[in-house]
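Chains as they are written, first to last, in full-length UniProt numbering: chain A, 1 to 238; chain B, 1 to 102; chain C, 1 to 309.
Rather than coming from a laboratory, the hints here were simulated on the basis of the structure.
The structure displayed is predicted, hence computed values, not measured ones.
Wrong hints could be hidden among the right ones.
Claimed, not checked - From the structure, some residues in chain C lie toward chain B, with a derived Cβ separation under 10 Å: (1) THR20; (2) ALA21; (3) ARG22; (4) GLY39; (5) PRO40; (6) ARG43; (7) MET45; (8) PRO50; (9) LEU54; (10) ARG56; (11) ALA57; (12) ARG82; (13) PHE83; (14) MET84.
Unchecked claim - Non-contacting residues of chain A with respect to chain C, defined by C-beta distances greater than 12 Å in every case (computed): (15) ASP13; (16) ALA16; (17) LEU129; (18) ASP189.
Quick reminder that beta carbons are idealized off the backbone N, C-alpha and C, glycines included.
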Amino acid sequence: MTLAEILLGLFPDGHAVAVRDGLVTGSGPFGDGRIHVVGVDGDAPLGIEGALTLSRAVLDAVRAGDVAPILVAVDSDSQRMSRRDELLGLNEYLAHLAKALLLADRSGHPTIGLIYGHSAAGAFIATALATRVLAALPGANPSVMDLPSVARVTKLPLEKLQDMATSTPVFAPGLDNMVATGAVHVVLDPGKPLPGQIGALIAGMQPGDVRDRLGEERGGRPVARAVAAAVADQARLG
Amino acid sequence: MESLTFRHTTKTPLPGTQPSAVTGVVASGNLEVLLERVLPPDACEVAIDTPIAGYGDVWAAVVADFVARAQPGGIRISINDGGARPDTVSLRLLQGARLMEA
Amino acid sequence: MAGDRAASIDPDALSWYEATARQRVTALVDPGSFREFLGPTERRMSPHLPLFDLPRAFDDGIVIGRADIAGTPVLLAAQEGRFMGGAFGEVHGGKLVGLLRAALDLKPRAVLILFDTGGVRLQEANAGETAIAEAMRAIVDVRAAGIPVVGLIGGRAGCYGGGGLIAGTCSRLAVSEGGRISVSGPEVIETNKGAEEFDSRDRALVWRTMGGKHRRLTGGADAFCADTVAAFRQAAVALIDRAPAFDLAGLEAEQARLAARIARFGDCRDATEVWARLGVNDPATVPGMDTAAFEAIVARVGEADHDAR
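Take the sequences, apply the hints, and build the full model.
This is the structure we're talking about:
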């Protein structure tokens, strides 16, 4: 689905969501109130200015005090890779955006990620992965790094990696693997109305971070939850 | 990966009361040695995981030399190898034994 | 557990950059106070690295536990930059996330993270990436509970990729000259955008674009340390006592701070131009300055100290 199709599905009566330079901000009617929308469209890379535009929109929503849900819609490239972005401290800008979303969540705004295209690396962490519930649409393609690049870094043949990717979700790009890892909570049905599906995600939100439990149940991250739990046990015993 | 295990009998137990120690880092040309005082006082076991296959004879010689010098009775030694040279392996084993004696 | 030459570690003499994670932890905290969680004897190793014919580490490249520092209880995590570049794998990430979650129960005076990481471990990329997101959420929870999270950065792997984002989530950061903080590493930028965008072999360019002095001058870090464990210890103790709260006011201040940085330096090509605009008289001399001379410069730069995190 394209962003236009998503917005049409979410807001059949119209909305005030704008896309500028690949950055999505605005809001539309949702249930008895409104839903804020922020995001990245068109496979755009996320750099320092973009991160700051999105964090401004999120902080404005928090300051408004309406505790309306915030939808983070993502079809992005990775972080913008440039000397200038790093010179000016890209890590601070991306972390700031993630912190704004986490603050919104703590302040009572349900935060829902919606990945409908690509996303990778720092851009993925600062946006969709900083929400409480991350949903995907079929065809979405989240990744950390594409397989040819993994082949370059690990010095393993691409054919071997492609073979391993079919049985080992922990390293391979793609939506199914991110679902198995627990990073993506649910894949939505594009044939059903979106407002109802988003509304159900908001109604079903659980406290805490359930991603490692999902990863254990789905087999994509077999040991992370048990490791974290064992740390907590030993810490308590002292 | 290749796994190797060597078992030796020692004349004496390794002195000291330290229950466990670790030394070294798994990195290229380096290795990590974990020592645990869990065996009968005249027994020593060395288990190695190495990414470089085919050097079993070299490992056997390095371990035998270490056992003869340190008499590490009672100690189970586990090694994660990152492709270390034999002299580095000897150095780390002796470092580990000294930590256990402290 | 006896660590690397534990008895003989002198924090004044030990180089942070050269030390292993275990040596840093042992020398950083009060002598004998460190208690490790999931130590090497438990062999919580990566279930994935054998598929790639790669050796594992008994602690998966991160040492975690509790200790006292200057008499106050802290939790701490130390990444081993020499094992797989200190990168986040499944177990490695799970240990950090578990430690941060435990802080909510234990309520230590602070959590210290000794970063030394290239980012996500590619062989376990999805697990590493998700763990980084979990760690950031957990840090925000810990900070909101009033517990400072202080990052210490000066290892050979630097603090790259998702590690840079986690660092940006902390209450305070201390860096040394060698402590590079960045999202895309020099090699990643060069591979994707070409050597004319970033020549990764130009080490001086790397240090002044991402290194500790540049981050300190521009407010990306809150303390600058000489490359000794003693200096990091002193910085950690001081930073714990002046950690900012995590709230809307703090993030509004950070928004303004980061916007002002783009407005003031957005057209700069090189760090030396940034330093000149900050009022540094002879920016070319900054990389060669010793700690005392550099501290004197920092004291005159308004951007360096703030609570906007």
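> What hints, given by number in increasing order, does this structure fail?
Replying inline: Hint check: 17 fails alone, others pass.
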